[in-house]
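J.: Protein chains in written order, with this note's numbering: chain S, 48 to 177; chain C, 183 to 239.
There's no promise every hint is true.
Stated by the list, open to error - Stretch-level coverage of chain S by chain C, calculated; a stretch enters the list once three of its residues show a Cβ under 8 Å from a Cβ in chain C:
#, region
1, 119-133
2, 155-164
As the list claims (entries may be wrong) - Partial selection, computed: residues in chain S whose CB lies under 7 Å from chain C:
#, residue
3, M95
4, D113
5, V146
6, Y150
By construction, these hints were calculated from the structure, which means they are not laboratory data.
Where is the CB? At the ideal position from N, CA and C, for every residue including glycine.
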Amino acid sequence: MRVTAAEESQYGGLVLLCLASWAIPGAGHLWLGRRNKGLVFLVALPLMFAIGLALRGRLFPFDFSDPLVGLEALADFGMGAAYFLSKALGYGAGDVRAVTYEYGNAFLVVAGLLNLLVVIDAYDVALGRK
Amino acid sequence: MRSHILLLVLFAFFVSLIFAVIAKDDLREQVRLGAVMFAGFVASAVVLGWLMYPFPL
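Excised from the complex, chain C in its bound form:
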């Protein structure tokens, strides 16, 4: 798998899952926190990616 966005999504999924399961005991709260964290990770990565777009490597 070479797609950067897919790897990013996969990474965000795993990290959100583990954090949510550690932080909350109730399943509904785990799903909610995990979803919020996952969305936050992906959205911030996309926004940061676009912000860095004008800068040359």
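Only chain S is shown next, with the shape it has when bound in the complex:
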């Protein structure tokens, strides 16, 4: 079965939409005209991520010899551009002695996972399922 140019273009658009939505929380919804939802994601998710960093949470390394560390790294990675920006600026080293360390990790991990959920929602909206 051959893929038509229109289907290929639609597929490319969907990939781009998902990438944009992953890199910048809410960008996919803003692109699709869901302004209010997009703005909520754009503000709430980076704020949650920033609180996680402020609470001295850790951005985990991709070390799958310890499966939980590897999985937490994947969840952190779900935050998109903010993840790379934080790494580049030297944030997310984590301070295991801090009282708020575990809370910080919870905020970072859940912010990343929620952003992945937002990407899936944007994909569903683009396909007309919602």
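Given the structure of chain S, go ahead and fit chain C onto it with the hints provided.
T.: Relative to the frame of chain S, chain C by itself:
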């Protein structure tokens, strides 16, 4: 901020907000679902906290 209960409330707020906005399209339904989820998160955390209270670390 070091208060565990405040951090718990803040966490519950963000998670409820995102879930409610994803799940519902209408503002009134979003507020309703978000409020129910938020109350559920906080109440269950407090109840679980008290249930775990007798167990030593």
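J.: Among the hints numbered above, which are violated by the structure, and what are their numbers in rising order?
T.: Result: hints 1, 4 break, sorted rising.
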